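2 protein chains.
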Amino acid sequence: MSYITQDKLVILGAAGAIGSNMTQSALTMELTPNVCMYDPFEKGLEGAAEEIYHCAFPGASVTWTTDIGEALSDAKYLISSGGAPRKEGMTREDLLKGNTEIAAQLGKDIREYAPGLNFGVIIFNPADITGLTTLVHSGLAAGKIGTLAALDSTRLQTALAQHFGVEQDDVTGCRTYGGHGEMMAVFQSRAKVAGTPLTDLIGTDKLTEEDWEKLLERVKQGGKRIIQLRGRSSFQSPAHQSLLMLKAVMDGQGYPWPSGVYVDDASAGFEKIMMAMETELGSEGLSWSIPEGTEEELYELQASYQHLAKLRDEVIEMGVLPSLNEWGKVNPNL
Amino acid sequence: MSYITQDKLVILGAAGAIGSNMTQSALTMELTPNVCMYDPFEKGLEGAAEEIYHCAFPGASVTWTTDIGEALSDAKYLISSGGAPRKEGMTREDLLKGNTEIAAQLGKDIREYAPGLNFGVIIFNPADITGLTTLVHSGLAAGKIGTLAALDSTRLQTALAQHFGVEQDDVTGCRTYGGHGEMMAVFQSRAKVAGTPLTDLIGTDKLTEEDWEKLLERVKQGGKRIIQLRGRSSFQSPAHQSLLMLKAVMDGQGYPWPSGVYVDDASAGFEKIMMAMETELGSEGLSWSIPEGTEEELYELQASYQHLAKLRDEVIEMGVLPSLNEWGKVNPNL
Numbered sequence: 005m006s007y008i009t010q011d012k013l014v015i016l017g018a019a020g021a022i023g024s025n026m027t028q029s030a031l032t033m034e035l036t037p038n039v040c041m042y043d044p045f046e047k048g049l050e051g052a053a054e055e056i057y058h059c060a061f062p063g064a065s066v067t068w069t070t071d072i073g074e075a076l077s078d079a080k081y082l083i084s085s086g087g088a089p090r091k092e093g094m095t096r097e098d099l100l101k102g103n104t105e106i107a108a109q110l111g112k113d114i115r116e117y118a119p120g121l122n123f124g125v126i127i128f129n130p131a132d133i134t135g136l137t138t139l140v141h142s143g144l145a146a147g148k149i150g151t152l153a154a155l156d157s158t159r160l161q162t163a164l165a166q167h168f169g170v171e172q173d174d175v176t177g178c179r180t181y182g183g184h185g186e187m188m189a190v191f192q193s194r195a196k197v198a199g200t201p202l203t204d205l206i207g208t209d210k211l212t213e214e215d216w217e218k219l220l221e222r223v224k225q226g227g228k229r230i231i232q233l234r235g236r237s238s239f240q241s242p243a244h245q246s247l248l249m250l251k252a253v254m255d256g257q258g259y260p261w262p263s264g265v266y267v268d269d270a271s272a273g274f275e276k277i278m279m280a281m282e283t284e285l286g287s288e289g290l291s292w293s294i295p296e297g298t299e300e301e302l303y304e305l306q307a308s309y310q311h312l313a314k315l316r317d318e319v320i321e322m323g324v325l326p327s328l329n330e331w332g333k334v335n336p337n338l
Numbered sequence: 005m006s007y008i009t010q011d012k013l014v015i016l017g018a019a020g021a022i023g024s025n026m027t028q029s030a031l032t033m034e035l036t037p038n039v040c041m042y043d044p045f046e047k048g049l050e051g052a053a054e055e056i057y058h059c060a061f062p063g064a065s066v067t068w069t070t071d072i073g074e075a076l077s078d079a080k081y082l083i084s085s086g087g088a089p090r091k092e093g094m095t096r097e098d099l100l101k102g103n104t105e106i107a108a109q110l111g112k113d114i115r116e117y118a119p120g121l122n123f124g125v126i127i128f129n130p131a132d133i134t135g136l137t138t139l140v141h142s143g144l145a146a147g148k149i150g151t152l153a154a155l156d157s158t159r160l161q162t163a164l165a166q167h168f169g170v171e172q173d174d175v176t177g178c179r180t181y182g183g184h185g186e187m188m189a190v191f192q193s194r195a196k197v198a199g200t201p202l203t204d205l206i207g208t209d210k211l212t213e214e215d216w217e218k219l220l221e222r223v224k225q226g227g228k229r230i231i232q233l234r235g236r237s238s239f240q241s242p243a244h245q246s247l248l249m250l251k252a253v254m255d256g257q258g259y260p261w262p263s264g265v266y267v268d269d270a271s272a273g274f275e276k277i278m279m280a281m282e283t284e285l286g287s288e289g290l291s292w293s294i295p296e297g298t299e300e301e302l303y304e305l306q307a308s309y310q311h312l313a314k315l316r317d318e319v320i321e322m323g324v325l326p327s328l329n330e331w332g333k334v335n336p337n338l
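Chains as they are written, first to last, in this note's numbering: chain E, 5 to 338; chain Y, 5 to 338.
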């Protein structure tokens, strides 16, 4: 095995479906031999760690702990899938409060134990808001924390490939920005199917307006569909794609999909938010630009931002995030 | 991505925990872009396939089907985790009959649809017996079907590393042969811990006889322990290690653990059986030799063989395997 780096990677939520898959995949991808598995659920964590030991990755030095300080200490890379799932009788607000509180604590823990973190990916729901909350409390530079945003785009690519009966790679330029699922802004103007612009296909016999609307709905409900089919939330694709984000920071070879990134540019109409933008992922983390698109697409992106800003403001009202004008005090990098 | 081969790999049981993990890992390992997922459970299979599509592996051409003929057609590589689990009220014999019947049908299907199979790994329980049954009915050459046997050895390596507090790689030469779990023959005479022969450590303060017995018991119960800890059977390590077996056949770079292999050498005391031996895995599949060991170890190996032979004879009595002198008629390669 020739690992890309020797830097410590900590996987938070490692007893869960996403986290345990991620541990195995990180080693299979040969990212780093130094992986620390963290989870508050000790028994399941030990079981997940045993599975990894039985894989016998050459040169690997995998540890596990229920102590967050030990887990984060000296960590250079981090992925957290460690939110709480929505439970029976829980309102959307309960979930938002619970998971942003977890994110705020994670941010504080990063500040205390891993101030030298090079890059972290936050993937527990609602990821843009938990990522933002983590970043604010972590004290890190804006580009050091990102969220997974690729799956909406890969689901669009999948659905178009299936509709047209072509290989997935033959569908290019699929891009969704802003928030996820219902909130996403689909940028169709740059997508091509086997070289033909998608906009030349929509509204023809090959893809009627009605088919396109159905397809978009399917993409937006992509996560729910996995639950219906498998009886469980998606875990393989989030694990795989978030590791590719880390890989890009480690090897500098780039990442082909949009990521959720901290955006604060009042002149562009986006303030103090985390959302999927056109992004680059390199050794210093994330940088972003406003995606190219039609007026309508950019309007959708602004609407998606507004939706996220409302969620962010709810979290401020809950007291989990400071008010906007206080962010610089909590995190001088923002 | 630079895949090792373009040959078709079919994963049987792809809707399950092992099979779906294997599909993701096979693509992460860049074995081949041409992966076909098969499972009789259509809904779960589609869900597992969607997850893989959302991973968006570059260049991948992943298909899924509930038609075994379509799945096996032109397949060069195969892994089957597609047995039935033991259910409430089922006796050991019920399980043996059920799973060997599945294996016999798989062998017949290979004969019909994939006579050009280059290598197949069978990993549903009891794997040595299901692998043997598959081989006999497949008509393939003996080295073309193998079973996963590594986990007993990697569990021994894990347990020794944990006991001595050393890195896993510092424990070398861990080898178990014969059958699995209770049936395994542990060859301790070649194992070393940080360079010191294990036999020099057993019976000292560093590893008392009692500790060693406990450790061995833990290795033998390694699978059960995963179930106790995680509430589910191990799936990550079997997926990973069986893919490494395929990888060795594809890339000719070797495989570091013993595999289950067809053994028929009356002069050596092993007839018409599949069991873990010292093996080499190359482009032509498996070849084997009798492991080096002490007299006691070789006696244990013979005892393990006898146990497996008894199971095999039960399957013959059930009518799922032909009587021993008829095997050449069913499979002229044996």
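Please note that the accuracy of each hint is not assured.
[To be verified] Computed list of lysine-lysine pairs in DSBU-like fashion (alpha-carbon distance at most 35 Å, straight line):
hint: 1; chain 1: E; residue 1: Lys196; chain 2: E; residue 2: Lys210
hint: 2; chain 1: Y; residue 1: Lys218; chain 2: E; residue 2: Lys47
hint: 3; chain 1: E; residue 1: Lys228; chain 2: E; residue 2: Lys333
hint: 4; chain 1: Y; residue 1: Lys224; chain 2: Y; residue 2: Lys196
hint: 5; chain 1: E; residue 1: Lys210; chain 2: E; residue 2: Lys224
hint: 6; chain 1: Y; residue 1: Lys218; chain 2: Y; residue 2: Lys101
hint: 7; chain 1: E; residue 1: Lys91; chain 2: Y; residue 2: Lys218
hint: 8; chain 1: Y; residue 1: Lys91; chain 2: E; residue 2: Lys91
hint: 9; chain 1: Y; residue 1: Lys333; chain 2: E; residue 2: Lys47
hint: 10; chain 1: E; residue 1: Lys91; chain 2: E; residue 2: Lys196
hint: 11; chain 1: E; residue 1: Lys210; chain 2: E; residue 2: Lys112
hint: 12; chain 1: Y; residue 1: Lys47; chain 2: E; residue 2: Lys47
hint: 13; chain 1: Y; residue 1: Lys112; chain 2: Y; residue 2: Lys101
hint: 14; chain 1: Y; residue 1: Lys101; chain 2: Y; residue 2: Lys210
hint: 15; chain 1: Y; residue 1: Lys333; chain 2: Y; residue 2: Lys101
hint: 16; chain 1: E; residue 1: Lys224; chain 2: E; residue 2: Lys112
hint: 17; chain 1: Y; residue 1: Lys112; chain 2: Y; residue 2: Lys196
hint: 18; chain 1: Y; residue 1: Lys47; chain 2: E; residue 2: Lys228
hint: 19; chain 1: E; residue 1: Lys228; chain 2: E; residue 2: Lys210
hint: 20; chain 1: E; residue 1: Lys196; chain 2: E; residue 2: Lys218
hint: 21; chain 1: E; residue 1: Lys112; chain 2: E; residue 2: Lys218
hint: 22; chain 1: E; residue 1: Lys47; chain 2: Y; residue 2: Lys196
hint: 23; chain 1: E; residue 1: Lys314; chain 2: E; residue 2: Lys333
hint: 24; chain 1: Y; residue 1: Lys276; chain 2: Y; residue 2: Lys314
hint: 25; chain 1: E; residue 1: Lys333; chain 2: E; residue 2: Lys196
hint: 26; chain 1: Y; residue 1: Lys91; chain 2: Y; residue 2: Lys218
hint: 27; chain 1: Y; residue 1: Lys224; chain 2: E; residue 2: Lys47
hint: 28; chain 1: E; residue 1: Lys47; chain 2: Y; residue 2: Lys91
hint: 29; chain 1: E; residue 1: Lys228; chain 2: Y; residue 2: Lys112
hint: 30; chain 1: E; residue 1: Lys224; chain 2: Y; residue 2: Lys47
hint: 31; chain 1: Y; residue 1: Lys276; chain 2: E; residue 2: Lys228
hint: 32; chain 1: Y; residue 1: Lys112; chain 2: E; residue 2: Lys47
hint: 33; chain 1: E; residue 1: Lys210; chain 2: E; residue 2: Lys101
hint: 34; chain 1: E; residue 1: Lys218; chain 2: Y; residue 2: Lys47
hint: 35; chain 1: Y; residue 1: Lys276; chain 2: E; residue 2: Lys196
hint: 36; chain 1: Y; residue 1: Lys210; chain 2: Y; residue 2: Lys91
hint: 37; chain 1: Y; residue 1: Lys196; chain 2: Y; residue 2: Lys210
hint: 38; chain 1: E; residue 1: Lys210; chain 2: Y; residue 2: Lys47
hint: 39; chain 1: E; residue 1: Lys91; chain 2: Y; residue 2: Lys224
Hints are computed from structural coordinates only; laboratory data are not their basis. The structure displayed is predicted, hence computed values, not measured ones.
A quick look at each hint next to the structure:
1. For the suggested pair E/Lys196 and E/Lys210, the alpha carbons sit about 13 Å apart, so the restraint of at most 35 Å is met.
2. For the hint pairing Y/Lys218 with E/Lys47, the CA-to-CA distance comes to about 20 Å; that is within 35 Å, so the pair holds.
3. Of the pairs offered as hints, the one joining E/Lys228 and E/Lys333 is violated, with about 39 Å between alpha carbons and a cut-off of 35 Å exceeded.
4. Among the hinted pairs, Y/Lys224 with Y/Lys196 is consistent with the structure: their alpha-carbon atoms are about 19 Å apart, no more than 35 Å.
5. This hinted pair checks out: E/Lys210 and E/Lys224 have alpha carbons roughly 21 Å apart, not beyond 35 Å.
6. A threshold of 35 Å between alpha carbons decides the hint, and for Y/Lys218 with Y/Lys101 the separation of about 33 Å falls inside it, so the pair holds.
7. A threshold of 35 Å between alpha carbons decides the hint, and for E/Lys91 with Y/Lys218 the separation of about 41 Å lies outside it, so the pair is violated.
8. With a C-alpha separation of about 29 Å, the suggested pairing of Y/Lys91 with E/Lys91 holds against the 35 Å cut-off.
9. In summary, the hint linking Y/Lys333 to E/Lys47 is not supported, as the alpha carbons are separated by about 51 Å, beyond the 35 Å threshold.
10. Of the pairs offered as hints, the one joining E/Lys91 and E/Lys196 is violated, with about 40 Å between alpha carbons and a cut-off of 35 Å exceeded.
11. For the proposed pair E/Lys210 and E/Lys112, the alpha carbon gap of about 52 Å is over 35 Å, so the pair is violated.
12. Simply put, Y/Lys47 and E/Lys47 have alpha-carbon atoms about 31 Å apart, close enough for the 35 Å limit, and the pair holds.
13. Pair hint Y/Lys112 plus Y/Lys101 holds up; C-alpha atoms about 16 Å apart against a cutoff of 35 Å.
14. For the suggested pair Y/Lys101 and Y/Lys210, the alpha carbons sit about 45 Å apart, so the restraint of at most 35 Å is broken.
15. This hinted pair checks out: Y/Lys333 and Y/Lys101 have alpha carbons roughly 22 Å apart, not beyond 35 Å.
16. For the suggested pair E/Lys224 and E/Lys112, the alpha carbons sit about 33 Å apart, so the restraint of at most 35 Å is met.
17. A distance of roughly 43 Å separates the Cα atoms of Y/Lys112 and Y/Lys196; the hinted pair therefore is violated under the 35 Å criterion.
18. Only pairs whose Cα atoms come within 35 Å are accepted, and Y/Lys47 paired with E/Lys228 is accepted, the gap being roughly 14 Å.
19. Between E/Lys228 and E/Lys210 the alpha-carbon distance is near 27 Å, which keeps this suggested pair within the 35 Å criterion.
20. Using a Cα cut-off of 35 Å, the hinted pair E/Lys196 and E/Lys218 holds, with the two alpha carbons roughly 18 Å apart.
21. Of the supplied pair hints, the one linking E/Lys112 and E/Lys218 is violated, its CA atoms being roughly 43 Å apart against a limit of 35 Å.
22. Only pairs whose Cα atoms come within 35 Å are accepted, and E/Lys47 paired with Y/Lys196 is accepted, the gap being roughly 30 Å.
23. The straight-line distance between the Cα atoms of E/Lys314 and E/Lys333 is roughly 22 Å, inside the 35 Å bound, and the hint therefore holds.
24. Between the alpha carbons of Y/Lys276 and Y/Lys314 the distance comes to roughly 12 Å, so the proposed pair stays at or under 35 Å and holds.
25. Taken as a hint, the E/Lys333 and E/Lys196 pair is broken in the structure, with Cα atoms around 45 Å apart against an allowance of 35 Å.
26. Taken as a hint, the Y/Lys91 and Y/Lys218 pair is honoured in the structure, with Cα atoms around 29 Å apart against an allowance of 35 Å.
27. Taken as a hint, the Y/Lys224 and E/Lys47 pair is honoured in the structure, with Cα atoms around 20 Å apart against an allowance of 35 Å.
28. A distance of roughly 24 Å separates the Cα atoms of E/Lys47 and Y/Lys91; the hinted pair therefore holds under the 35 Å criterion.
29. Straight-line distance between C-alpha atoms of E/Lys228 and Y/Lys112 comes to about 39 Å, which puts the hinted pair past the 35 Å bound.
30. Between E/Lys224 and Y/Lys47 the alpha-carbon distance is near 20 Å, which keeps this suggested pair within the 35 Å criterion.
31. A C-alpha spacing of about 50 Å is found between Y/Lys276 and E/Lys228, which places the hinted pair above 35 Å, so the restraint is violated.
32. Only pairs whose Cα atoms come within 35 Å are accepted, and Y/Lys112 paired with E/Lys47 is rejected, the gap being roughly 42 Å.
33. For the proposed pair E/Lys210 and E/Lys101, the alpha carbon gap of about 45 Å is over 35 Å, so the pair is violated.
34. Using a Cα cut-off of 35 Å, the hinted pair E/Lys218 and Y/Lys47 holds, with the two alpha carbons roughly 20 Å apart.
35. A C-alpha spacing of about 57 Å is found between Y/Lys276 and E/Lys196, which places the hinted pair above 35 Å, so the restraint is violated.
36. A hinted pair counts as satisfied when its Cα atoms are at most 35 Å apart, and Y/Lys210 with Y/Lys91 does not qualify at roughly 42 Å.
37. Annotation: proposed proximity of Y/Lys196 to Y/Lys210 holds, straight-line Cα distance about 13 Å (limit 35 Å).
38. A threshold of 35 Å between alpha carbons decides the hint, and for E/Lys210 with Y/Lys47 the separation of about 27 Å falls inside it, so the pair holds.
39. For the proposed pair E/Lys91 and Y/Lys224, the alpha carbon gap of about 38 Å is over 35 Å, so the pair is violated.
When each numbered hint is compared with the structure, violations occur for hints 3, 7, 9, 10, 11, 14, 17, 21, 25, 29, 31, 32, 33, 35, 36, 39.
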